[in-house]
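Participant: As you go down the protein sequences, you meet chains A and B in turn. Using the working numbering, read the first sequence as starting at 1 and increasing by one per residue. Using the working numbering, read the second sequence as starting at 313 and increasing by one per residue.
Incorrect hints may appear among the rest.
As the list claims (entries may be wrong) - Straight-line Cα separation of at most 25 Å, DMTMM-like style, residue types lysine to aspartate or glutamate; simulated pairs: (1) A:Lys122 - A:Asp83; (2) B:Lys434 - B:Asp395; (3) A:Lys197 - A:Glu160; (4) B:Lys441 - A:Glu187; (5) A:Lys22 - A:Glu74; (6) B:Lys441 - A:Asp115; (7) A:Lys273 - A:Glu86; (8) B:Lys410 - A:Asp186; (9) A:Lys129 - B:Glu428; (10) B:Lys493 - A:Asp186; (11) B:Lys529 - B:Asp496; (12) A:Lys98 - B:Asp498; (13) B:Lys434 - A:Glu160.
Stated by the list, open to error - According to the in silico footprint, chain B covers these stretches of chain A (three or more CB under 8 Å from chain B): (14) 133 to 145; (15) 149 to 161.
Unchecked claim - Take a look, some chain B residues computed to stay more than 10 Å from chain A by CB distance: (16) Asn372; (17) Ile374; (18) Arg391; (19) Pro396; (20) Asn405; (21) Ser532; (22) Lys585; (23) Gln588; (24) Val589; (25) Gln595; (26) Arg597; (27) Gly623.
Rather than coming from a laboratory, the hints here were simulated on the basis of the structure. Source: prediction; values computed, not measured. For glycine and all other residues, C-beta sits at the position ideal for the given N, C-alpha and C.
Protein chains: 2
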Amino acid sequence: MATLKIPHPVPSAVEDAENLMKAFHGWGTDEKAVISILAHRDADQRKQIMVAYEELYKENLIKRLESEISGHFERAMYRWMFDPIEREVIFANVALKKSVDWIVIIELSCINSPDELLVIKKMYQNRYKLSLEEDVAFHTSGDFRKLLVGLVSTYRYRGEEINASLAQAEAKILHNLIKQKTFDHDEVIRILCTRSKAQLNATFNCYKDEQGTSITKSLSSASSSEFVSALRTAIRCIISPEKYYEKLLRRALNKGGIDEDSLTRVIIMRAEKDLQVIKELYQKRANMTLDHAVSKEASGDYKKFLLALIGN
Amino acid sequence: MATLKIPHPVPSAVEDAENLMKAFHGWGTDEKAVISILAHRDADQRKQIMVAYEELYKENLIKRLESEISGHFERAMYRWMFDPIEREVIFANVALKKSVDWIVIIELSCINSPDELLVIKKMYQNRYKLSLEEDVAFHTSGDFRKLLVGLVSTYRYRGEEINASLAQAEAKILHNLIKQKTFDHDEVIRILCTRSKAQLNATFNCYKDEQGTSITKSLSSASSSEFVSALRTAIRCIISPEKYYEKLLRRALNKGGIDEDSLTRVIIMRAEKDLQVIKELYQKRANMTLDHAVSKEASGDYKKFLLALIGN
Numbered sequence: 001m002a003t004l005k006i007p008h009p010v011p012s013a014v015e016d017a018e019n020l021m022k023a024f025h026g027w028g029t030d031e032k033a034v035i036s037i038l039a040h041r042d043a044d045q046r047k048q049i050m051v052a053y054e055e056l057y058k059e060n061l062i063k064r065l066e067s068e069i070s071g072h073f074e075r076a077m078y079r080w081m082f083d084p085i086e087r088e089v090i091f092a093n094v095a096l097k098k099s100v101d102w103i104v105i106i107e108l109s110c111i112n113s114p115d116e117l118l119v120i121k122k123m124y125q126n127r128y129k130l131s132l133e134e135d136v137a138f139h140t141s142g143d144f145r146k147l148l149v150g151l152v153s154t155y156r157y158r159g160e161e162i163n164a165s166l167a168q169a170e171a172k173i174l175h176n177l178i179k180q181k182t183f184d185h186d187e188v189i190r191i192l193c194t195r196s197k198a199q200l201n202a203t204f205n206c207y208k209d210e211q212g213t214s215i216t217k218s219l220s221s222a223s224s225s226e227f228v229s230a231l232r233t234a235i236r237c238i239i240s241p242e243k244y245y246e247k248l249l250r251r252a253l254n255k256g257g258i259d260e261d262s263l264t265r266v267i268i269m270r271a272e273k274d275l276q277v278i279k280e281l282y283q284k285r286a287n288m289t290l291d292h293a294v295s296k297e298a299s300g301d302y303k304k305f306l307l308a309l310i311g312n
Numbered sequence: 313m314a315t316l317k318i319p320h321p322v323p324s325a326v327e328d329a330e331n332l333m334k335a336f337h338g339w340g341t342d343e344k345a346v347i348s349i350l351a352h353r354d355a356d357q358r359k360q361i362m363v364a365y366e367e368l369y370k371e372n373l374i375k376r377l378e379s380e381i382s383g384h385f386e387r388a389m390y391r392w393m394f395d396p397i398e399r400e401v402i403f404a405n406v407a408l409k410k411s412v413d414w415i416v417i418i419e420l421s422c423i424n425s426p427d428e429l430l431v432i433k434k435m436y437q438n439r440y441k442l443s444l445e446e447d448v449a450f451h452t453s454g455d456f457r458k459l460l461v462g463l464v465s466t467y468r469y470r471g472e473e474i475n476a477s478l479a480q481a482e483a484k485i486l487h488n489l490i491k492q493k494t495f496d497h498d499e500v501i502r503i504l505c506t507r508s509k510a511q512l513n514a515t516f517n518c519y520k521d522e523q524g525t526s527i528t529k530s531l532s533s534a535s536s537s538e539f540v541s542a543l544r545t546a547i548r549c550i551i552s553p554e555k556y557y558e559k560l561l562r563r564a565l566n567k568g569g570i571d572e573d574s575l576t577r578v579i580i581m582r583a584e585k586d587l588q589v590i591k592e593l594y595q596k597r598a599n600m601t602l603d604h605a606v607s608k609e610a611s612g613d614y615k616k617f618l619l620a621l622i623g624n
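Turn these sequences into a full structure, and let the hints guide you.
Facilitator: What follows is the structure, encoded as structure tokens:
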């Protein structure tokens, strides 16, 4: 369930564009007005506002926003204005520049459904004139390449059927390899990168039943290497995107100084999808509402924008 | 260009089904009549005939054919009767049983376009309730796994744009690795499995220009291992499916005793697509027509069936 709140009736795209222009005019920007419009429109409506704004004023709304607002607020608004698939495509491409940000690639490949990933890959090709696979492979090496290329390449089986004896056998393979600390073994990569999400969840459940501890806990007590951390991220995204995001929020808000990038990413990417579920999980685990935590840790227009997106 | 010849006007599916039943009745089967119908109908028409036959006689046409005809003719007819995509799906699955027939997997992944491969993968999932990727990964190991999983997984870029300096750089990487005989190097797998076909063709052209010999010739003089043979097969399928098939036909017809499996596979799979081009290439290289070679090497109803499919 989404947290995004859209007024009924919603103003026309032309009205919204005109009101945005009013907010930009005069002494300073009326950030409150900007938030009251853009934080309460869905992706389609935002797209229509951008088109209407461009037609009315012959300028690009995103560029205008960049010149009107700044800091964390600007960066969050910039992300928010993209079409959700385009946003994933662009941030995957950014993640592959310089030192590869593997978290973005793992989230993209393990949280999206096989068909959503396919749509992202098609748009990636249209935009960059090469495949996501070749870009990931080109910018990585060694174990990370094996893992990341495997994760983005496979068109996983989409069905819910599972093979229970296979789950048991593969849970045993994973346990033995973790025990031997051969995390980069071809079999780890094969299982994680090719099995369906339903089958992997069955395997991870078998692992927990037989070993009395979860595979992610086994991994974290076996090693603190970056590669193992990547394996754990992939597994957590496959088991439950909502729990994964909830934990990311707790960490982002719990650093004595927020992790702006993660906080923005989770809220922007999930506000139109399942942020309500993530909020409820957060409240249980953190013993406070997400609204309260954001109010406490964030500030200024950035805070107001995030609070609007999380349904405050 | 296809070699399949369809009469105009084509009889209705019901007439065809009735004439097939007539051919099955009486003393022995009238194979000539069976060939005159089924070797001159396209995939859609064959499907309609199967439906009409089932409705009229409450029996499966393919099963009836299996009981009426035998040997090479039966095996070729069995393959022919499938829908072309279903045929690739079923034979990929067969190729993964017991000792993996890597040639079928390489042809499937390197000859089909990225979008055709995707359709095959979707049908594979619907039919077998798992992904082609996980089946290939499960049944292979070591270098073959790396290569075959890479080839079936990637959704290659479909565009024709190439990056000339990248082609030069990657041709050099490939040359150095072949010189060092490290054919299983991650970079060989990366380049071959992730780059677009257009980009790979540019890379192979650079290789030839700089080294004065083709990459496939370099590979075959460097090693005769099965893995290098698989690399060469993939490269040849990417460079030119038609030339690849033409050579396969020459080998299949040149063994002093035909290679029935390859001969049938090429003719059945290409008769509705590009067998005319392959035939013309064959005539140039073998100094005889494909019709003549098939007449000389094959026999009986099998020969008649193949000759009908190649447009004799």
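Participant: Determine for every hint whether it applies to the structure shown.
Facilitator: The hints, checked one at a time:
At roughly 15 Å between alpha-carbon atoms, lysine 122 of chain A and aspartate 83 of chain A fall within 25 Å of each other, so this suggested pair holds. A hinted pair counts as satisfied when its Cα atoms are at most 25 Å apart, and lysine 434 of chain B with aspartate 395 of chain B qualifies at roughly 15 Å. Proximity of lysine 197 of chain A to glutamate 160 of chain A is assessed by CA-CA distance (about 8 Å); at most 25 Å being required, the pair is judged to hold. Taken as a hint, the lysine 441 of chain B and glutamate 187 of chain A pair is honoured in the structure, with Cα atoms around 21 Å apart against an allowance of 25 Å.
A hinted pair counts as satisfied when its Cα atoms are at most 25 Å apart, and lysine 22 of chain A with glutamate 74 of chain A qualifies at roughly 18 Å. Of the pairs offered as hints, the one joining lysine 441 of chain B and aspartate 115 of chain A holds, with about 16 Å between alpha carbons and a cut-off of 25 Å not exceeded. Note on lysine 273 of chain A and glutamate 86 of chain A: the hinted pairing holds, with a Cα-Cα distance of about 16 Å set against a maximum of 25 Å. Between lysine 410 of chain B and aspartate 186 of chain A the alpha-carbon distance is near 21 Å, which keeps this suggested pair within the 25 Å criterion.
About 19 Å separates the Cα atoms of lysine 129 of chain A and glutamate 428 of chain B, which keeps this hinted pair within 25 Å; it holds. The hinted pair formed by lysine 493 of chain B and aspartate 186 of chain A meets the criterion: a straight-line CA distance of about 22 Å does not exceed 25 Å. A threshold of 25 Å between alpha carbons decides the hint, and for lysine 529 of chain B with aspartate 496 of chain B the separation of about 17 Å falls inside it, so the pair holds. At roughly 21 Å between alpha-carbon atoms, lysine 98 of chain A and aspartate 498 of chain B fall within 25 Å of each other, so this suggested pair holds.
The suggested pairing of lysine 434 of chain B with glutamate 160 of chain A holds, with an alpha-carbon distance near 15 Å, which does not exceed 25 Å. Look at the stretch 133 to 145 of chain A against chain B: 7 of its residues bring a Cβ nearer than 8 Å to a Cβ of that chain, three or more, so the hint holds. Counting residues of the stretch 149 to 161 of chain A whose CB lies closer than 8 Å to any CB of chain B gives 10, so the stated coverage by that chain holds, three being the minimum. Every CB of chain A is more than 10 Å from the CB of asparagine 372 of chain B (nearest about 27 Å), matching its label as outside the interface.
With a cut of 10 Å on Cβ distances, isoleucine 374 of chain B stays outside the contact zone with chain A, its closest approach being about 27 Å. At roughly 26 Å, the least C-beta separation between arginine 391 of chain B and chain A is larger than 10 Å, which holds for a residue marked as non-interface. With a cut of 10 Å on Cβ distances, proline 396 of chain B stays outside the contact zone with chain A, its closest approach being about 20 Å. With a cut of 10 Å on Cβ distances, asparagine 405 of chain B stays outside the contact zone with chain A, its closest approach being about 14 Å.
Chain A leaves serine 532 of chain B outside its interface by the beta-carbon criterion, the shortest separation being 26 Å against a cut-off of 10 Å. At the 10 Å boundary, the C-beta of lysine 585 of chain B stays outside the reach of chain A, the nearest C-beta of that chain being 24 Å off. Once the 10 Å rule is applied to beta carbons, glutamine 588 of chain B is consistent with being away from chain A; the minimum gap is 32 Å. For valine 589 of chain B, the non-interface assignment is confirmed: its Cβ lies about 28 Å from the closest Cβ of chain A, beyond the 10 Å cut-off.
Under the 10 Å C-beta cut-off, the non-interface status given to glutamine 595 of chain B relative to chain A holds; the minimum distance is some 38 Å. Once the 10 Å rule is applied to beta carbons, arginine 597 of chain B is consistent with being away from chain A; the minimum gap is 34 Å. Even its closest Cβ contact with chain A, about 36 Å, leaves glycine 623 of chain B beyond 10 Å, as expected for a residue assigned away from the interface.
Against the hints set out earlier in the document, no violation occurs for any number.
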